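Novice: Spelled out from the first residue to the last, the chains are:
There are 2 protein chains.
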Amino acid sequence: MKKFLAEIDVMPLKEILDPQGKAVTGSMKNLGLPEISNVRIGRHITLEVEAENKEAASEKVETACKKLLANLIMESYNFDIKEI
Amino acid sequence: MKKFLAEIDVMPLKEILDPQGKAVTGSMKNLGLPEISNVRIGRHITLEVEAENKEAASEKVETACKKLLANLIMESYNFDIKEI
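Going down the list, the sequences are from chains D and L. With the first letter of the first sequence counted as 1, position 78 gets the number 78 in our numbering; the numbers rise by one all the way through. With the first letter of the second sequence counted as 1, position 69 gets the number 69 in our numbering; the numbers rise by one all the way through.
Okay, chain D solo, but in the shape it has when bound:
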């Protein structure tokens, strides 16, 4: 078995309202950073996975994303995997 590190980004779908992102965008102006706009906030998740090879590792991470890490009704996900 080999060990892999997965880096996963889970973001709200573009058409979904992102109140947190809106609030932070507004705060940027108070910080003197009006040039910053369209802030969107999601989750960055890292995990380790043991598998025979990279394809098998990807399948396990895919399952974890679909079943637990992302709410597919409101979120999208993408991930990178590398052997460690």
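Read the hints as simulated data drawn from the structure, not as lab findings. Everything numeric in this text was worked out from a predicted model, so none of it was measured. By construction, the Cβ of each residue, glycine as well, lies at the ideal position given by its N, Cα and C atoms. Worth double-checking, as some hints may not be accurate.
Said to hold, decoys possible - Anything over 10 angstroms on all C-beta distances counts as not near chain L; from chain D, calculated:
{"hint": "1", "residue": "E15"}
{"hint": "2", "residue": "E55"}
{"hint": "3", "residue": "N71"}
Unchecked claim - Straight-line alpha carbon distances no greater than 25 angstroms define the calculated BS3-like cross-link-like pairs of lysine-lysine that follow:
{"hint": "4", "chain 1": "L", "residue 1": "K29", "chain 2": "D", "residue 2": "K67"}
{"hint": "5", "chain 1": "L", "residue 1": "K82", "chain 2": "D", "residue 2": "K54"}
{"hint": "6", "chain 1": "D", "residue 1": "K82", "chain 2": "D", "residue 2": "K67"}
{"hint": "7", "chain 1": "D", "residue 1": "K29", "chain 2": "L", "residue 2": "K3"}
{"hint": "8", "chain 1": "D", "residue 1": "K2", "chain 2": "D", "residue 2": "K67"}
{"hint": "9", "chain 1": "D", "residue 1": "K3", "chain 2": "D", "residue 2": "K67"}
{"hint": "10", "chain 1": "D", "residue 1": "K14", "chain 2": "L", "residue 2": "K2"}
{"hint": "11", "chain 1": "D", "residue 1": "K3", "chain 2": "L", "residue 2": "K3"}
{"hint": "12", "chain 1": "L", "residue 1": "K22", "chain 2": "D", "residue 2": "K82"}
{"hint": "13", "chain 1": "L", "residue 1": "K82", "chain 2": "D", "residue 2": "K29"}
{"hint": "14", "chain 1": "D", "residue 1": "K2", "chain 2": "L", "residue 2": "K22"}
{"hint": "15", "chain 1": "L", "residue 1": "K14", "chain 2": "D", "residue 2": "K82"}
{"hint": "16", "chain 1": "D", "residue 1": "K2", "chain 2": "L", "residue 2": "K14"}
{"hint": "17", "chain 1": "D", "residue 1": "K66", "chain 2": "D", "residue 2": "K3"}
{"hint": "18", "chain 1": "D", "residue 1": "K82", "chain 2": "L", "residue 2": "K29"}
{"hint": "19", "chain 1": "L", "residue 1": "K67", "chain 2": "L", "residue 2": "K82"}
{"hint": "20", "chain 1": "L", "residue 1": "K67", "chain 2": "D", "residue 2": "K29"}
{"hint": "21", "chain 1": "D", "residue 1": "K22", "chain 2": "L", "residue 2": "K66"}
{"hint": "22", "chain 1": "L", "residue 1": "K67", "chain 2": "D", "residue 2": "K3"}
{"hint": "23", "chain 1": "L", "residue 1": "K2", "chain 2": "D", "residue 2": "K29"}
{"hint": "24", "chain 1": "L", "residue 1": "K3", "chain 2": "D", "residue 2": "K22"}
{"hint": "25", "chain 1": "D", "residue 1": "K29", "chain 2": "L", "residue 2": "K22"}
{"hint": "26", "chain 1": "L", "residue 1": "K67", "chain 2": "L", "residue 2": "K2"}
{"hint": "27", "chain 1": "L", "residue 1": "K82", "chain 2": "D", "residue 2": "K82"}
{"hint": "28", "chain 1": "D", "residue 1": "K66", "chain 2": "L", "residue 2": "K29"}
{"hint": "29", "chain 1": "L", "residue 1": "K82", "chain 2": "L", "residue 2": "K66"}
{"hint": "30", "chain 1": "D", "residue 1": "K22", "chain 2": "L", "residue 2": "K2"}
{"hint": "31", "chain 1": "D", "residue 1": "K54", "chain 2": "D", "residue 2": "K82"}
{"hint": "32", "chain 1": "L", "residue 1": "K54", "chain 2": "D", "residue 2": "K29"}
{"hint": "33", "chain 1": "L", "residue 1": "K29", "chain 2": "D", "residue 2": "K2"}
{"hint": "34", "chain 1": "D", "residue 1": "K14", "chain 2": "L", "residue 2": "K3"}
{"hint": "35", "chain 1": "L", "residue 1": "K82", "chain 2": "D", "residue 2": "K14"}
{"hint": "36", "chain 1": "L", "residue 1": "K67", "chain 2": "L", "residue 2": "K22"}
{"hint": "37", "chain 1": "L", "residue 1": "K82", "chain 2": "D", "residue 2": "K66"}
{"hint": "38", "chain 1": "L", "residue 1": "K14", "chain 2": "D", "residue 2": "K22"}
{"hint": "39", "chain 1": "D", "residue 1": "K3", "chain 2": "L", "residue 2": "K29"}
{"hint": "40", "chain 1": "L", "residue 1": "K29", "chain 2": "D", "residue 2": "K22"}
With chain D's structure known, arrange chain L on it following the hints.
Specialist: Relative to the frame of chain D, chain L by itself:
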């Protein structure tokens, strides 16, 4: 002025307890994915920034991270910037 997209990852420092990550790691076993371990959960933030050039954009994102997006006592951050 040019427009840039920043992709920022804010993660709990390694030495800081990550109860959320621990809980999700435990859930992986219930999902039939015992090969997944050491889950850590942070924030993935995207934003747009207008600036003269990439260095100026980086400075603004750096300020935003230090002042608002990351709690430097418990978190670390890194980001990528590309022109859009």
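Novice: Next step is simple, just say for each hint if it's right about the structure.
Specialist: Right, here's what the structure says about each hint:
no.	hint	in the structure
1	E15	15 angstroms, holds
2	E55	14 angstroms, holds
3	N71	14 angstroms, holds
4	L:K29 x D:K67	12 angstroms, holds
5	L:K82 x D:K54	28 angstroms, violated
6	D:K82 x D:K67	22 angstroms, holds
7	D:K29 x L:K3	17 angstroms, holds
8	D:K2 x D:K67	23 angstroms, holds
9	D:K3 x D:K67	22 angstroms, holds
10	D:K14 x L:K2	23 angstroms, holds
11	D:K3 x L:K3	39 angstroms, violated
12	L:K22 x D:K82	22 angstroms, holds
13	L:K82 x D:K29	22 angstroms, holds
14	D:K2 x L:K22	22 angstroms, holds
15	L:K14 x D:K82	19 angstroms, holds
16	D:K2 x L:K14	23 angstroms, holds
17	D:K66 x D:K3	21 angstroms, holds
18	D:K82 x L:K29	22 angstroms, holds
19	L:K67 x L:K82	22 angstroms, holds
20	L:K67 x D:K29	12 angstroms, holds
21	D:K22 x L:K66	19 angstroms, holds
22	L:K67 x D:K3	36 angstroms, violated
23	L:K2 x D:K29	19 angstroms, holds
24	L:K3 x D:K22	19 angstroms, holds
25	D:K29 x L:K22	36 angstroms, violated
26	L:K67 x L:K2	23 angstroms, holds
27	L:K82 x D:K82	23 angstroms, holds
28	D:K66 x L:K29	15 angstroms, holds
29	L:K82 x L:K66	20 angstroms, holds
30	D:K22 x L:K2	22 angstroms, holds
31	D:K54 x D:K82	8 angstroms, holds
32	L:K54 x D:K29	20 angstroms, holds
33	L:K29 x D:K2	19 angstroms, holds
34	D:K14 x L:K3	19 angstroms, holds
35	L:K82 x D:K14	19 angstroms, holds
36	L:K67 x L:K22	28 angstroms, violated
37	L:K82 x D:K66	29 angstroms, violated
38	L:K14 x D:K22	29 angstroms, violated
39	D:K3 x L:K29	17 angstroms, holds
40	L:K29 x D:K22	36 angstroms, violated
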